[in-house]
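Chemist: Work the whole structure out from these sequences, hints included.
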Amino acid sequence: MTTHITERPAGLERRSFLKWSAAAGGTVALAGAASHFGVLPGVGPANAATASSLDVERTVWSSCNVNCGSRCPLRMQVKNGRIVRVLPDNTGDDELGTQQIRACVRGRSIRHRIYNPDRLKTPLRRVPGTTRGAGEWEEISWDEAFDEIAATIQRLIKDYGNESIYLNYGTGTLGGTITRSWPPVQTPVARLMNCVGGYLNHYGDYSSAQIAGAVGYHYGGWIGSNSLDDAKNAQLQILFGNNTLETRMSGGGETFVSQQTKKLHNVRTIVVDPRYSDTALGLADEWVALRPGTDAALVAGIAHVMISEDLHDQAFLDRYCVGFDEDHMPDGVPAGSSYRSYIMGEGPDGTEKTPRWAASVTGVPASSIIRLGREIGRARPVHITQGWGPQRHANGENQARAIFTLAALTGSVGVPGGGTGEREGAYSLPMANPFATENPVETAISVFGWTDAIDHGPEMTALRDGVRGKDKLDVPIKMVWQYAGNALTNQHGDINRTVRLLEDDTKCELIVVIDNQMTVSARYADIVLPDVSNAEQLDIIQQGSAGNLGYTIVADKVIEPLYDCRTVYDMMTEIARRLGVEQEFTEGRTQEEWVAAVVDASRENIPDLPSFEELREMGVWKVKAPTDSGNVALADFRADPEANPLATPSGKIEIFSQQLFELARTWELPEGDRITALPEHLDTWEGAAEARTNATYPLQVIGHHYKQRTHSSYGNVDWMKEAHPQVVWINPGDAAARGIANGDLVQVFNDRGRIQLPARVTARIAPGVMSVPQGAWYSPDKRGVDVGGSVNSLTSWHPSPIAKGNAQHTTLAQVQKV
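With the numbering used here applied, the sequence shown covers -19 to 798.
There could be a bad hint or two in this list.
Claimed, not checked - Quick list of the computed label-pair ranges, beta carbon to beta carbon: (1) E622 to E648: 33 to 43 Å; (2) G560 to W122: 14 to 24 Å; (3) T78 to R444: 44 to 54 Å; (4) P420 to E702: 46 to 56 Å.
To be verified - When the alpha-carbon atoms are kept at most 30 Å apart in a straight line, the in silico DSS-like pairs for lysine-lysine are as follows: (5) K701 to K138; (6) K537 to K101; (7) K762 to K101; (8) K537 to K138.
Hints in this document: simulated from the structure, not taken from any laboratory.
Every residue, glycine too, gets a C-beta built ideally from N, C-alpha and C.
Modeler: Written out as structure tokens, the structure is:
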């Protein structure tokens, strides 16, 4: 299928763009679903049949549980023990809060995951003496696998202690209760390890490490912003890198919520993003295209306009915040340390953050920054949210805090139509999880630090590497569990370096991957345990983000497990038996009994929640939020900050963080990294400033989320690859300078790796920037060129300074035509 897209120049408002597009005779379109439904090996020939013509035996409720922010019910139709059709939710309507939870094209293609040629069929062990990743396997029995894993756990605990065993980040099955793979403490693998003394834990996640690390210093902990349906109460909506229409595409996600809110209330919407995303295309009245990693500079330029023209909410800042001006600073802090002083050039750097200064950093014209400052300053309230792209940088913590600060400057925190500047919040049911247990080990590392902990764990310290729970690690990671995730290689930084580390089995001695696909991470395992899909087991599903809609799903067992696959609950039960803790692990319950126990425990918090059997019959149960105003974050704090203080040291919003002020003086940072008490713009390694002086690698590379897959899930589904092929977005000016035309095969490269894929030459990406849809499966050819096009062949291991998170949008590279 060929899709023609008429481009909209950077900074052009939507109305003007549409007029320009019509005058040019162009059409605006996005790639849709595949135009035909052919027969896939293992799927069956009934693809083209209509629902009424299928002679099915039964329809069973299930779900799609990948990590997109949504959780969607699916109705799976079965004939002769096979799933022959996948239908969406047929309950609810088109109203916010009671809507149908319509699965997106990914969930509707789930049969092509269940019956995929990459499905794992039996336990596998790397052939002794061969290299990890060489693809040399031997089939083993379940008993052999369980015996070897249990014996290794016992040996490692005896020789190195429980901290030598690590549960790696994985979100391949998210939303389930018994089968969820994140957060680690709630997984069945964690429950097993807790029964034998615990494991080395991690904090943060690959999606939001920096914003999660920053929010504690600013708000005292994760608050969330107002829900997107609450934008109806705003005069202006601003989305910083928040691409809801592509990342949360379902009716139960934020696509429906944001589309309906825009349709019904037509609140003026501005999208700030280096890329003209689907959300900018579908919702925005204006697109502000800036260089990656410069959001804090843009906010500073806007703040300069607001302060200079007295458009900021001084009364709000005086009562609810610390650190905006010199009259509201902590004791003992040097003069000139306030945010106002920083903006007006009265701070230590002596640089006034004028719109002209901000323009030189961001690439956004000074005239646009002045207009934005006036528009934002005059609008009340302003609904500000940010996605997780702006924070996934080497200066990501400051980027996140700057956007929080802009919300405070408008005085829009804690009121309908406003927001905290975090990602959108949502109403959710207070479901219980009695299956989760506590980890006896208090030591934790950053989610992004596990490769360092394998390589040189005992050298990692609290002050240098962010180790928590003790001053330093005593032992390296000797065993890794990777359950339902592809972060062992594919989603981690610098895949080529990671592979070289994993090939050395004298460091990490055992890698166990539990999955139902031969993922990139599974290729580098020692033992692979074939998991069932969610359609082959029963679970209770916690909801995703859906505005003012709360819901839960009973995803029933649709078909019998394929091949020789087993549930993760069965696997952990068998290993627990060998470790002598079976009763402690199971508490005498089957998986079905645990699901029923979750419902029973949840009914104590949700009196109207139906019984397990009733839910099983219904499939999905929905509740509209008790108020139509939307989820309003910090409403209690706004109403009475003295009675409802934040968990910050001051009890207030801390634009200046004294905690960060102290960390900046005590933490040991690599050369070039900085921690600042204010949300200042920081030039970083491989950032926008370096791009303009680096003749070898002059282009910034980001990795946007993509309709084709959720991270790497669905990345091997033929329908989705046909509908949305992997390409690199390149601005026409950058392409012309290199002789690249749309559709040309190109290589994007730096010192860490090289990927090969077609070019999408488009004005939908800012000049000087390339965007590679993240999550494509790493596939190196004999030359070492990744022809799968994984952006992490280019990214680095260098973490951010505070959260020690994955700065995977801070990358420089070059591109050339093949």
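Chemist: Look at each hint and say if it fits the structure.
Modeler: Consistency of the hints with the structure:
| no. | hint | in the structure |
| --- | --- | --- |
| 1 | E622 to E648: 33 to 43 Å | holds, 38 Å |
| 2 | G560 to W122: 14 to 24 Å | holds, 19 Å |
| 3 | T78 to R444: 44 to 54 Å | holds, 52 Å |
| 4 | P420 to E702: 46 to 56 Å | holds, 49 Å |
| 5 | K701 to K138 | violated, 47 Å |
| 6 | K537 to K101 | holds, 18 Å |
| 7 | K762 to K101 | holds, 28 Å |
| 8 | K537 to K138 | violated, 39 Å |
In summary, the structure is inconsistent with hints 5 and 8 from the numbered list given earlier, while agreeing with the others.
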